Structures are given as structure tokens and as C-alpha cells.
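Input sequences plus hints: build the corresponding full structure.
2 protein chains.
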Amino acid sequence: MLKANKHYLELKNSYLFHGIKLRVNAYLEEHPGVELLRLGIGDVTRPLCPAAVEALVRAARDQGDPARFHGYMPECGDENLRAAIARHYEKFGVKIDPEEAFVSSGASDELGDILSLFDPASPALVMEPAYPAYVDASVIVGRRVITLPGTRENGFLPLPEKGLEADLIYLCSPNNPTGAVYDRAGLAAWVDYARARGSVILFDAAYEAFIRDESPHSIFQIPGARECAIEICSLSKTAGFTGTRLGYTVIPKELERDGVNFNRAWVRDRTTRTNGVSYILQQGGLAVFSPEGQRQLEDNLSVYRDNARDLRRALEKAGLWTCGGQNAPYVWAACPVGIDSWSFFDLLLREKQIVATPGAGFGACGEGYMRFSSFASPEVVEEAARRLERL
Amino acid sequence: MLKANKHYLELKNSYLFHGIKLRVNAYLEEHPGVELLRLGIGDVTRPLCPAAVEALVRAARDQGDPARFHGYMPECGDENLRAAIARHYEKFGVKIDPEEAFVSSGASDELGDILSLFDPASPALVMEPAYPAYVDASVIVGRRVITLPGTRENGFLPLPEKGLEADLIYLCSPNNPTGAVYDRAGLAAWVDYARARGSVILFDAAYEAFIRDESPHSIFQIPGARECAIEICSLSKTAGFTGTRLGYTVIPKELERDGVNFNRAWVRDRTTRTNGVSYILQQGGLAVFSPEGQRQLEDNLSVYRDNARDLRRALEKAGLWTCGGQNAPYVWAACPVGIDSWSFFDLLLREKQIVATPGAGFGACGEGYMRFSSFASPEVVEEAARRLERL
Numbered sequence: 001m002l003k004a005n006k007h008y009l010e011l012k013n014s015y016l017f018h019g020i021k022l023r024v025n026a027y028l029e030e031h032p033g034v035e036l037l038r039l040g041i042g043d044v045t046r047p048l049c050p051a052a053v054e055a056l057v058r059a060a061r062d063q064g065d066p067a068r069f070h071g072y073m074p075e076c077g078d079e080n081l082r083a084a085i086a087r088h089y090e091k092f093g094v095k096i097d098p099e100e101a102f103v104s105s106g107a108s109d110e111l112g113d114i115l116s117l118f119d120p121a122s123p124a125l126v127m128e129p130a131y132p133a134y135v136d137a138s139v140i141v142g143r144r145v146i147t148l149p150g151t152r153e154n155g156f157l158p159l160p161e162k163g164l165e166a167d168l169i170y171l172c173s174p175n176n177p178t179g180a181v182y183d184r185a186g187l188a189a190w191v192d193y194a195r196a197r198g199s200v201i202l203f204d205a206a207y208e209a210f211i212r213d214e215s216p217h218s219i220f221q222i223p224g225a226r227e228c229a230i231e232i233c234s235l236s237k238t239a240g241f242t243g244t245r246l247g248y249t250v251i252p253k254e255l256e257r258d259g260v261n262f263n264r265a266w267v268r269d270r271t272t273r274t275n276g277v278s279y280i281l282q283q284g285g286l287a288v289f290s291p292e293g294q295r296q297l298e299d300n301l302s303v304y305r306d307n308a309r310d311l312r313r314a315l316e317k318a319g320l321w322t323c324g325g326q327n328a329p330y331v332w333a334a335c336p337v338g339i340d341s342w343s344f345f346d347l348l349l350r351e352k353q354i355v356a357t358p359g360a361g362f363g364a365c366g367e368g369y370m371r372f373s374s375f376a377s378p379e380v381v382e383e384a385a386r387r388l389e390r391l
Numbered sequence: 001m002l003k004a005n006k007h008y009l010e011l012k013n014s015y016l017f018h019g020i021k022l023r024v025n026a027y028l029e030e031h032p033g034v035e036l037l038r039l040g041i042g043d044v045t046r047p048l049c050p051a052a053v054e055a056l057v058r059a060a061r062d063q064g065d066p067a068r069f070h071g072y073m074p075e076c077g078d079e080n081l082r083a084a085i086a087r088h089y090e091k092f093g094v095k096i097d098p099e100e101a102f103v104s105s106g107a108s109d110e111l112g113d114i115l116s117l118f119d120p121a122s123p124a125l126v127m128e129p130a131y132p133a134y135v136d137a138s139v140i141v142g143r144r145v146i147t148l149p150g151t152r153e154n155g156f157l158p159l160p161e162k163g164l165e166a167d168l169i170y171l172c173s174p175n176n177p178t179g180a181v182y183d184r185a186g187l188a189a190w191v192d193y194a195r196a197r198g199s200v201i202l203f204d205a206a207y208e209a210f211i212r213d214e215s216p217h218s219i220f221q222i223p224g225a226r227e228c229a230i231e232i233c234s235l236s237k238t239a240g241f242t243g244t245r246l247g248y249t250v251i252p253k254e255l256e257r258d259g260v261n262f263n264r265a266w267v268r269d270r271t272t273r274t275n276g277v278s279y280i281l282q283q284g285g286l287a288v289f290s291p292e293g294q295r296q297l298e299d300n301l302s303v304y305r306d307n308a309r310d311l312r313r314a315l316e317k318a319g320l321w322t323c324g325g326q327n328a329p330y331v332w333a334a335c336p337v338g339i340d341s342w343s344f345f346d347l348l349l350r351e352k353q354i355v356a357t358p359g360a361g362f363g364a365c366g367e368g369y370m371r372f373s374s375f376a377s378p379e380v381v382e383e384a385a386r387r388l389e390r391l
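Top to bottom, those sequences are chains L and Y.
Its first residue numbered 1, the first sequence is counted upward by one per residue in this note's numbering.
Its first residue numbered 1, the second sequence is counted upward by one per residue in this note's numbering.
Read the hints as simulated data drawn from the structure, not as lab findings.
In this text the structure is predicted, and so the values were computed from the model without any measurement.
When the alpha-carbon atoms are kept at most 20 Å apart in a straight line, the in silico PhoX-like pairs for lysine-lysine are as follows:
id: 1; chain 1: Y; residue 1: K352; chain 2: Y; residue 2: K317
id: 2; chain 1: L; residue 1: K253; chain 2: Y; residue 2: K6
id: 3; chain 1: Y; residue 1: K95; chain 2: Y; residue 2: K253
id: 4; chain 1: L; residue 1: K3; chain 2: Y; residue 2: K253
Dropping the structure here:
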């Protein structure tokens, strides 16, 4: 008899965002026709920039033209796109080789896939509150998960503690869900810890484009990170690719453990287990990294930044403690005293017709908090801010 | 110290098609300007059908239009596409629920990803010669691989043997690389074996569109298969999506082992580990399954079918034993007596300027054979056939 992977049975019954959808649908069935203000799931609402759309349309047309048709793409990514990603890193003063940049179908897919590089016996460290897939992807392969609490006291930016035994370290900055951003000293503390112990940091940089102060955009801005980190990034939030799909991963050539060079192993994994990312999508990605694309996507980013500012202000006017929303698209707010996350979720849904994400869904220390996403339209955010102020 | 997945070190040094590329490049450096007749890697050469191109272009435009922009897609696939896949199965007399059809980024990606459902302790059976990724994807997770030899005597269609202990069974029909196709009785023997033992069949149906006789297109045409099989399919060869990327996977709702229901586990896996397949690509897929798309793609299929027929005839005229090429895009030919696969590869490359794929690259019992792909242009195939006849 075939043995199943029984770790699936250890997963909690339903995924956070699925649970929210069920509650929202139930509410809408009771209250047909009500317009909800959706600040829940971190999906973008603004269309792709014109340069990306043009490139996608052109590439789609190529696929119908015998002279310009593209078959299998290189498994690790189109050469030009890998070079464009490497050039993108120069903006942060980081030098990477194009062969260190791998094109992916998106950060969420890659965050699961990349785990294949590591022995499931090595425990993972997740700083809670955290994107639920970090924990679940580890549970699926039977990897033990250690958690480190983010709290109001540490600004939701935990640092390595004495006695901590973490081999695989998930770091997300700007953070989802808290919007907190590590400064250089904070990231350097993690890099030092990882180098001393031989750990590897999985750095989720999906929100780097929202940083406007001196905080690092990339873990590779920290000396020594090339020997202990892999960075996973995405065009989803930067360029609105949530439904278009494209991401990239940086694996330095010198990163190895146990005699396994992770860059070479990932080349071998991708050439074995994929046939590359769609030509059409990679052409769209190339346009995003063009000077024109980079200029255009600032329009969208500035809308979301203003939204985040407005949400934060409204929540503060309502007397709630907040975090994030300045270098991040998420505002993390404490629930009113004595109300837990899911009760506050229900209150916002039923009394304000606002959908937000209960902090408890991101792990135990998210209890008592709520995540507000800035990826809605300015009109929705303006109305939500008006209602939140009067909480 | 983080432990690496040391199974990567057990993989053979380089992937088959990468090895071919190196030899071809070396030849071209010695002989600049030579035009090679490429019948090697199974990449298609004909553009997508007009219906698919139009849909891709329209969907790319949608992503630039605020009113029609699409964010995150459902993780298991667009509802309409899942329904279209279910309708596609009706052509074979197979009834599946749309919730049993999962949209994927392509069969090669899915063949690796799906292994997550099974305990790595359960051995996999691969019938050699086989697509190299079957073996490699198992090696990467430390799964033991049992092989069953395809031979000229069994028509490269091995059947379950007494004493065989296979839990996870890879079946590929029409076969890559041999072009051999199981009939109902052959597939029924495997379904009976799997049901009796509690094994699960991973049925790779990527070439089903090439079947023109009564052979089953789907494992689900065999009674009892719903309790023991998962089918993995692709638009790569059917609709020319090798560089566009789209596939689908069918997991019956009743399939379970060890208390794990594989359909529900896969829903949980996809919702955790992916954010769905690109809206643009899924729109292209929908057009492929439209009546117009299905009519149009017959044009491409018939070119490839004629190519396969011509290659087979030429190889037979040259006195070589052949298999496949009738209900499959590949022709599998015995090398001339006394010549091994790689020597025949070099001979074809150097004396005929033809690139084919050495059978030895598909496992030990592929030694002494060569795979010829029909996915080239008719002009290339015509010239190659002329040269092969005079071998």
C-alpha cells in the first residue's frame, strides 16, 4: 500500500483567507446588496503599468507568429530578465551575478518550492505573527517550526535570543502582516547569528518597493549575507502582478552547507522539475524593470502609500495603537481593549462593512491585532478611514 | 548548522538535454554556420492557434484596464477552465467533476510538485526507458526507484510482473520516449495491480492528443481507475504551450490512502503553496478548449503526425527497427547493429547534421535506441528523412 504524506492531516483545518471568505460570504447572504469595503486579503486593485501591458500583448502576439514563436524557456529564467534583476539590485548598492537570479512563478510558490534544498530534519524559525504559509509549508514536509514572538515591546521586530536554535530562518521585511521594517542593525544581528550558527535565512522581500527611508531593501545590503541568505522577491505588490504571476529568487554562488552548493542544486532542481516560466510573463517582467516601467509603477505605489498613510491616521484617531503603514502597505492595529481579533473582525464587518484580516490568523501573538491592507482603491480607503475614525 | 538536502548530490551530473546541448554547441563551434536538423528535444515549432493568441492578447490587455483587471486567481484554477477541462474528458466518455481538475503551470512542474502527497518512504516504479525527470524528482526527495524494463519483446509496454512491489507507479502513454501506446487491456492490468496492492498510478497523458486509434486517452477510461490514479496532462504538445505554460491534473475525489484524501490534500497544498496560475495563461487555456480552438489546433497536430509518419518510414527504409510514431509524436528506433546510443548520436550529428536524443539518456534499457521527435517543421523533417533513408 502506498503511504500518504500524513503531515497534511496536521495542518489546521482551513487556510486563513479561506476562513475569511466563508464569513464574508455568510454575511453577504444575510445582507444581499451590501457593498463591503475590502481591506482584507493583500490583493492589488490597480492595473499593470502600460509598459508591462504592451510587452505582455506583444509577447502573446509573438506566440502566434511562426517567425517569433517561443518554445521552452531556459529553466532558471530568460537571460535578459536575469540580467535586468541583477541591475535592479545595483540600485541598493548590491552586486549580484545574473546567474544568481532565478525567475519564479511568484514568491508564494517559491517559498514552498525552495524548501526542497534543505533537510526536513532542520527546524525552521518563524517570527510570529507571520504569513501562514511559512508555517504550513514546513508542516507539510514534517519540518519542526520554532516561533519567536513579535510584540508591541519589540516593535514586532524580534532579534536573536540567547539559546535560540534555528537552522532555517524566515525573515520578512517590510513585514506581512505587521508592516514593521528592520533597520540595518536588526538585519545585521540576524546575519551575524546565521553565520555563527551555520543557519540559512530565507528573506522575503516581497514588499521592498514600499521602503522610503534608509531601511535595507535587500538582505544582501548587510555584509556577510551572501554566506547565509536566500532572498525571495515578487512583482505582485511592486508591479501589480498578483494575478499575472512573476517573481525572482537570489541564491549567492558561495552559499553552501553540508557539501551542497545551493545555487548549483537549485539549477539542477529547476532543470529537472520545471520547464521554465512562461515567455509571455517574462517579457512582462522585463518591461517592469525597464526605466519606463520603473517610472510608471511609481504611480501605483504612491496611491497605495497614500492609502496606508490615511488608514494609519484614521486608526490612530480612533485611539488604536498602530504599527507599519509607513514603509509598508499594511497597517497593523491593536484591537480596542477587551476585544479579540475575530470579534473585532465581526464587529468591523457587521457594523462598518469593512473587511480586515484578524491578527490571530497569523499566529498566537497576532491575537488582539488586526491587519489593514492599503491595496484597495483610494475611494474605498477614504470611506473606510471615515468609518474607522468614528470607531 | 542547517542540514542540506544531500539527495541533490546523488543526482547524475547533468540532465540529459543539457548534455546534448553541450555536444551540439561544441560541434557548432568547430563547424560554424552549419544548419542542423533538430529532432532532439521535444519542443514544438508551430505557433499557437489563433483562438489562443487572441485570448492571450485580450487577457493581457485586461491587466491594463481598471475595469477588467484580475488579481489573485483561485489557487486550484479558474472555475470556467476547470469546467472546460471536465467537458474535454466527456469526449473520451469520462465523467469528472470540475473540482477534480486542477490547473497547473505545466506537466513537468506538476510531476515534481505532486510527489508532496506521498510519503518518500514509498518506492516509485519507473518503466524504463523513461522521461529522466521521473527518476530525478524521486531521487531529490530520497524516494527509492524501482525500474521495470521496456524491451523490444514487450513492445516497450511492460506489464505488472509477479513479485513486483511498486507503490507509486509512473505510467506514460503515449510514451515518451518510445511512442508506444497502451491499449485498454494493458492499462487495465495496471489498474488491477494498483487496486489490489493499494498503489497509486501517476498517469502522464501529455501526448494523448496524438492518439488516433482506439487506445485510451485517459486512465479514467479504465474501470476502477478513479480509486487508484492521478492523471497529469499539459497543453504543451497538444496546443504548442511549451513556452507559454499550462497544464492540468485530475485527482478523483474518492482517491485516498492512509486516511489522506488526495483531492482535499491537494486543495490544501495549492491554497497554501501557490497563488494560482496566471490569469492570462488560463484565458489562453480556455480558448484552447473552445470548439474553435479545438478545430484550429488540429492543423498543427496533423503536421506533426505527418512528420512522425515520414520519420518512421525513412528509418524503416534505412533498415532500422522502429516503434511509435503512429499514435505518438516520437519515433523510437534501434541503432544500427553494434553502435551504442551516444555513438549513433555523434554519427547523426557529424555525418548527417541531425540532432536526435540518445536512448541511453532515458535509462539503461534505452541503450541501443534513439528517439526522433516530430515537432520540427515539415521542411526539416523532409530533409532529415532524405538523409536518414540513406543511412
